[in-house]
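Student: If you want the building blocks of each chain, they are given just below.
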Amino acid sequence: MTDENNHPVLIIGGGISGIVCALELYRLGVPVTLIEKEASLGGLAARFCCKASEACNKCFACVVDKKLKEISEQSQISQLTGAEITGVAGDQGSYKVSLAKAGKVSELEAAAIVVAAGIDPYEASGKGEYGYGVIKNVVTARDLEEMLRFQGKIYRPSDGKLPQNIAFIQCVGSRDESIGNLYCSQVCCAYALRLIRAIRHKYPEVNATFLYMDIQPAGASFHDFLNACREDKGIRFIRSLPSRVYHSPVTEDLRVRLADTERGEVVEEPFDMVVLSVGMVLKKEAKPLANLLGLGLNEEGFLASPAPGNGIFVTGACAGPKDIDRSITHAKSTAALVHNYLNGR
Amino acid sequence: MYQKVYESKATAPAPINLKPEVLIIGGGIVGITVARELAREGVQVVIAEKGETLGGGVRDLHFFYDRPAAVQKWLGDLIEVVEGAGNITVLKGAKLKRLDGQLGRFQALIRTSEGRERTLSPSAVVVATGCITRPAEAMSDGGRCIGSSEMEKLLAESRDLPVAWKGQPVKTVTFILDRTDDDIKIHTVNAIKLAVILQEKGCQVAVVARDLKVSASGMELLYRQARGKGVLFFKYDEPPVLSHSGDGISVEIPDMTVLRKEERETVSLLSDLVVIGETFAADPETQELCRVMKLRTGAGGALMEDNPQFLRVMSNRRGIFLAGACRFPQIIAESLSEAHAVVQEVKALLHGGVYTPVNPVAEVDPPKCAVCYTCVRLCPHAAIGVERYGDRNVYSAPAEKNGDTLWQAARVDPAACFGCGICVAECPARAITLYQ
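So the protein sequences, as listed, match chains A and B.
Converting from the first sequence to the numbering used here requires adding 56 to each position, the first position being numbered 1.
Converting from the second sequence to the numbering used here requires adding 408 to each position, the first position being numbered 1.
Pulled out of the complex, with its shape left as it was, chain A reads as follows (with noise of 0.2 angstroms):
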């Protein structure tokens, strides 16, 4: 690197993915700064509980803590939070990046970007026949993920009661025709068994229903989870994918419709609470952002990798959906691509 270039990398993003992209560039003695529109790092994942019942579930939500420990202790790399990217110029190595904060609007020159913008949890209201936003008792993973985080404790919203059934409906927003969504997940399998060994840990009397098309696996211990999971005799596994949530207006108890392939038939179960496994969209601002920087998106939906030798890197799960795992190990080897790109101008 020449001195008169020796501009920072200008991270976008300051989730999980952004914070190791930004921890790992300094490593390599690289200037850095992170930009996050929200007024604290840690996006998404931050917001997750962990998941460990007996032994460590491999959650990877003790790592983000971690990490976002790391950052904040680390005085050298630029942190600008609240801050939003308005405009860019410049373009193979040399950018001119302005930036709002708190309505100033500055400048800023960088030799690379890494767009870690991150994704969305799908909005559950768009899946009209499971009720979310309506009936009481129908919750994400995440809301129910925040009351064990933020409020350690599992309650039904409508009377605050625990619940003792809950059904858990895996592929909310993924895997679907009807909403254009014509991609797994990825995470939300073993992202919904997790949270279920969780709570059965703490709560044994709690017993859940597991419905999904087909079973995503993740990773290397996955194996050995899964059949913890299957003798787990509270836990119900059902291949199918529920029809509707009915709700009683007076004791808010819910009715689910599916096909039960034991029984042989379609029935309406009752349960106190129901639980949709959400799954990823490409963050909503995400898309300016793109067409900011000039990026496209795949037939996915996410942000396509950009060409190779222009200085722009997309990395973590607005690229693809990703675990939190995997999007630290991609965050990483990003900061080795940008890395590598640097040294070969």
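If a hint is listed, it holds; no wrong ones were tucked in.
Cross-link-like lysine-lysine pairs, in silico, DSS-like; alpha carbons within 30 angstroms at most:
id	chain 1	residue 1	chain 2	residue 2
1	B	K643	A	K183
2	B	K669	A	K289
3	B	K637	A	K183
4	A	K289	B	K643
5	A	K122	A	K340
6	B	K702	A	K122
Everything labelled a hint here was simulated from the structure, so no lab data went into it.
None of these values were measured; they are calculated from a predicted model.
We have chain A already, so just place chain B on it with the hints.
Tutor: The following block gives chain B in isolation, referenced to the frame of chain A:
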């Protein structure tokens, strides 16, 4: 009751110089990718490949599921780059016989198939030995029941001609998934990828699976494409029954798409060929390698990180990294992402040319050591050895093997110590302290 665990000490352990030299064990796709990337950064790389060719398991692949390129051409180009690079040495028929020393001072003894021996002193070692595949045993005689890699080969060789097996035309093919390896998505990816090609060549293909593992970029679309082309998909809870039927194999499976049990019929798929993906297993030679390198293995003998969450791609020994199928079989894109993560870790380690121990580091007080080897055996990071000293209390270079001055004591290598404190807790003589 908590005791004060750390002692503070004025003198920090000395920094260790690291030369940009890396040894990679395994010349598969992960090993050669790591080699190419590190060599670009000016690192001297040695690849020790036990076989006579580079490429590993990817040599059995002919088609990507997500792009039209030919796998062997892509692999060949990559191998050419690696074999032509000035700062990459490829040793074929090579086996690691010994690995002594620690980070920055590794001494690796490699024996090649011609019986030649080479000693290397790499700063870091990357283990990318891959895994082995075993043909799945579906039927006793095995005829007409082939592995996924044989099907790839058949299709690659048939080019534009109709598919034939042992001179006979192939009209119907059934893929059976999930008899083993229910946590590996490679089988689903390969089956759907090959099903699309076969269907396009005029065959009727069925895929029978417990769970279709489409959790890879683009797979749901490929699955839809396959159904659009007429590939039949059946899901089972109980594995299908196979029997010989005329010249082919009959695969019997209940049709679970019919809800009412009494109306559910058993479908019989008459198949010219049945394809069952090979089972992935840890390489027995990797087991031997782990003994030589003092590396930890996990379930089924696969290599395992010291801490799969916090210390991803890092082994239980500092300076030794793992990636690819020796850890867990994944699709190519995922293995390559791991390979690049290893590149990043190695670059970060070598950056600046020195390693300064940062953790709390254990230290043995030599006069108190009874040389019982408890700490040596218990250390999960192979950081402790027994060294000879010239005299009690004298922490100097090991003395000559001279009866008068020989004194032994355990010594923790600060570069290799993770500061876990196991040795401190277990030392019967209370001779070990953690220093911050």
